[in-house]
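2 protein chains.
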Amino acid sequence: LKRGKVAEIKELLLYLHPADIAELLVDIQNGSQKALFKLMDYEKAAEVLDELEPEIQIDLIDSLAEKEKAEILEKMSVDEIIDLLQELPESKVEKLLKKLPMDELEKVKGLLLLSRDSAGGIMTTDYVYIPEDTPVPEAINMVRKFGREAETIYYLYIVDRDHHLVGVLSLRELISARRDMIVKDIMHKKVVSVHVDDDQEDAARAIEKYSLLAIPVVDSDQRLMGIITVDDALDVLREETTEDIHKLAGITAEEDIILTGSPLKAAQKRLPWLLICLFGDLIAGSVIKGFESTLETVIALAFFIPVLMATGGNVGTQSLALAVRGLATGEITAGNFVSYIFQEAKAGLIVGIICGAILTIIALAWQGNPNLGLVVGAAMGVALTLAALIGMIIPMILNALKIDPAVASGPFITTVVDITTLMIYFSLATCFFNLV
Amino acid sequence: LKRGKVAEIKELLLYLHPADIAELLVDIQNGSQKALFKLMDYEKAAEVLDELEPEIQIDLIDSLAEKEKAEILEKMSVDEIIDLLQELPESKVEKLLKKLPMDELEKVKGLLLLSRDSAGGIMTTDYVYIPEDTPVPEAINMVRKFGREAETIYYLYIVDRDHHLVGVLSLRELISARRDMIVKDIMHKKVVSVHVDDDQEDAARAIEKYSLLAIPVVDSDQRLMGIITVDDALDVLREETTEDIHKLAGITAEEDIILTGSPLKAAQKRLPWLLICLFGDLIAGSVIKGFESTLETVIALAFFIPVLMATGGNVGTQSLALAVRGLATGEITAGNFVSYIFQEAKAGLIVGIICGAILTIIALAWQGNPNLGLVVGAAMGVALTLAALIGMIIPMILNALKIDPAVASGPFITTVVDITTLMIYFSLATCFFNLV
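So the sequences go chain by chain: U and X. Each step along the first sequence adds one to the number in my numbering, with nothing skipped, and position 234 is 234. Each step along the second sequence adds one to the number in my numbering, with nothing skipped, and position 54 is 54.
Simulated from the structure, these hints should not be mistaken for lab results. Everything numeric in this text was worked out from a predicted model, so none of it was measured. Be aware that a few hints might be false.
Since copy identity is lost for identical chains, a pair holds within one copy or between any two.
[Stated by the list, open to error] In silico DMTMM-like pairs for lysine to aspartate or glutamate, Cα to Cα no more than 20 Å straight-line:
hint: 1; residue 1: Lys99; residue 2: Glu74
hint: 2; residue 1: Lys209; residue 2: Glu47
hint: 3; residue 1: Lys209; residue 2: Asp50
hint: 4; residue 1: Lys346; residue 2: Asp160
hint: 5; residue 1: Lys184; residue 2: Asp160
hint: 6; residue 1: Lys69; residue 2: Asp50
hint: 7; residue 1: Lys402; residue 2: Asp41
hint: 8; residue 1: Lys145; residue 2: Glu173
hint: 9; residue 1: Lys109; residue 2: Glu87
hint: 10; residue 1: Lys190; residue 2: Glu43
hint: 11; residue 1: Lys209; residue 2: Glu239
hint: 12; residue 1: Lys67; residue 2: Glu43
hint: 13; residue 1: Lys5; residue 2: Asp59
hint: 14; residue 1: Lys346; residue 2: Asp41
hint: 15; residue 1: Lys209; residue 2: Asp235
hint: 16; residue 1: Lys209; residue 2: Asp20
hint: 17; residue 1: Lys209; residue 2: Asp27
hint: 18; residue 1: Lys98; residue 2: Asp27
hint: 19; residue 1: Lys209; residue 2: Glu240
hint: 20; residue 1: Lys44; residue 2: Glu94
hint: 21; residue 1: Lys209; residue 2: Asp231
hint: 22; residue 1: Lys209; residue 2: Asp133
hint: 23; residue 1: Lys209; residue 2: Asp83
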């Protein structure tokens, strides 16, 4: 960011899309970041802020003079201001709220009371509503007039006198409607909506399922509170996917980005499952200790501990991934879960037989001990079938208990499978070598 | 599906959303599925088919009489027909194509040549384009006229005489434009577009990034070929997420759903990584064999093999999940990957020190052998730091080599970490117990 080039950069910024500028800001260092940010006019700056994560928003807004802050806040969309305020400490919230114009302040205050993860927490109040007895030409005028501020004008929500949601109309339908109708007669009375307290993920999935551009949010009396647009739904689904992948790997999910922040914090998010599994695998170790005399007699049994543990864990993790994703996308339902379990058992058995046979041959060739080969192969076969079942059934049980199945992380399943596998292995070995 | 209730069910179907009917069809058994499907009129049936997976589409269409097939195909959207045809064997494709009306046939034939995973493979040709010198009132008329068939009328693409994409206009802007303008003067000249050969995931990410409702698809000469709408982008992102989660668990991703299909096929998709890792963990086993004399002297070393292997694998998988997801969402870039590696190393070190210390104490308490406690704890600390680095760096290398980082599946990382961990553990033990 050289001094002489400021004019050039200013022009470039005019031309760039806010999403690209946001990406650029994340990539460059702190000093230049703020300098660059200040080169934009308020409108553009507000648009760029809309694209950024709350932590960076706070950082950039803090760097502004008080007057600039107020100007930019006024231009930001209500739902983004809410996101921002939810990240700030109490004292700063008060200060920022004072800068908002009166009408926005009212909106924001109402929204701030809603839970962050609910549909209400991500909805916007910038939508177009039309009273049910409005004639078509007047409705078109209302769209022209109020549409400028709205996040979408393509869905028009029809309300009665008490602001109850009674219908919906697409702009497409409105402009091709006969001019002598009133909206009540042409609207769709069946509206897919979500409750303000519903989970934001449910709202996003509804938008996905019904291929909507926006979904209305209502309270318990069916009063229209706001809307959630498809771009916000995309953000929610992306965040939830990241959370699911992290949870599957045994990382505690938090509202915000995991990758940034201090290593100490990062470690904190990873330790809970690590420690649970550490103790779990000490139990697996004590299984070995329980069969110490078997191991002392046939020390070669130890050489196959890694391959049995690892393959068992891998099969369990595969089944877990199938189950968790199947439950998340709604492919596994209350109606068909039994057939998935059976199929998984069969797949586990096939995988077990193949891996078991291969391992028997290798063990025989490597150690030249037929008994050992049979024990190792048989243990593999049984262990893999059980691993597939454990990986499929545990997330299903969690789901039935209304617990997010993704918390049954890979590490947890692996630990359960480890204990099972070693018990099978050493029990079989003890029997086979007549050591009982 | 009782005979007497057909009329009732028919009425219910009229009232239900196609997405809900599709869900219902997936859940009920085969016989009733087809019976239910036939109760709908062609338009509704086509809408429901649009929501279903290709396998089920084929199944349902096959159950129809020839005349019905043609009627329904005509009503389905072009991009869905393409999806369907791409699943069918050559001979059936020919038969179905003959049923299409001439104009649709042309469109479909052109699209069929495009790669399935490209932007061209998921685009639709049902869009509204407007020649650049059209006056505003006439443009509004064109939207009214051609809009009925289009997938979206909210973005209007402006083309020149040779169908080059020269601009875009939202319906919102068009209806609020002055009536004496021509579209060329009010359109945006900067249009975000994707190339017909681009990956469909890139197209979906562009829609997500710029919060679009649709993105135009162009050829190398910038000629407009079609559009991809946000609802199709959502489908792509959901499928890609499923693929990523499956790949991470070491399941070979294929175009279609993993959960359905025969158990033999399911086993096939899971075996490649399982077998690679099986051989890898035999190497881990031969590390133990290499230190056989150490193990024979201190048999208690075996009790800690599970906890070291499992915790190492867990840390490696956590780092892998962070890396793969960070790369997929674009959070990790060429500019900042070094700082992520450093942060990961620090996080691994912290986790390693904490787990190592805990394990030292437990080993001491359990086995009452201070040397053993120190060896186990030190091995844990070193192994976890390395595991974090391996899990972060390997996917980054793959990404740099333009290989999807998600193929560095959890099982693969775990195997590499297993071998490393056991080598560290037994080397340390051999030194500590002065057994060299």
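The hints, checked one at a time:
1. Lys99 with Glu74: within (8 Å within a copy, 57 Å between copies)
2. Lys209 with Glu47: between (29 Å within a copy, 13 Å between copies)
3. Lys209 with Asp50: Between copies only: 12 Å across, 26 Å inside.
4. Lys346 with Asp160: Classified as neither: same-chain Cα gap 57 Å, cross-chain 59 Å, threshold 20 Å.
5. Lys184 with Asp160: within (10 Å within a copy, 41 Å between copies)
6. Lys69 with Asp50: within (14 Å within a copy, 48 Å between copies)
7. Lys402 with Asp41: neither (48 Å within a copy, 38 Å between copies)
8. Lys145 with Glu173: Both: 18 Å inside a copy, 12 Å across copies.
9. Lys109 with Glu87: So lysine 109 and glutamate 87 pass the 20 Å test inside one copy only (15 Å; across, 53 Å).
10. Lys190 with Glu43: between (37 Å within a copy, 19 Å between copies)
11. Lys209 with Glu239: Both. Shortest intra-copy (18 Å) and inter-copy (14 Å) distances satisfy the 20 Å Cα cut-off.
12. Lys67 with Glu43: within (14 Å within a copy, 57 Å between copies)
13. Lys5 with Asp59: neither (25 Å within a copy, 63 Å between copies)
14. Lys346 with Asp41: Neither: 63 Å inside a chain and 40 Å across chains, both beyond 20 Å.
15. Lys209 with Asp235: The answer is both: 16 Å in one copy and 9 Å across copies each meet 20 Å.
16. Lys209 with Asp20: between (29 Å within a copy, 9 Å between copies)
17. Lys209 with Asp27: between (35 Å within a copy, 16 Å between copies)
18. Lys98 with Asp27: neither (32 Å within a copy, 54 Å between copies)
19. Lys209 with Glu240: Both ways: lysine 209 and glutamate 240 sit 16 Å apart in one copy and 16 Å across, limit 20 Å.
20. Lys44 with Glu94: neither (25 Å within a copy, 53 Å between copies)
21. Lys209 with Asp231: both (15 Å within a copy, 9 Å between copies)
22. Lys209 with Asp133: For lysine 209 and aspartate 133, neither the intra-copy (31 Å) nor the inter-copy (39 Å) Cα distance is at most 20 Å.
23. Lys209 with Asp83: Classified as between: cross-chain Cα gap 18 Å, same-chain 25 Å, threshold 20 Å.
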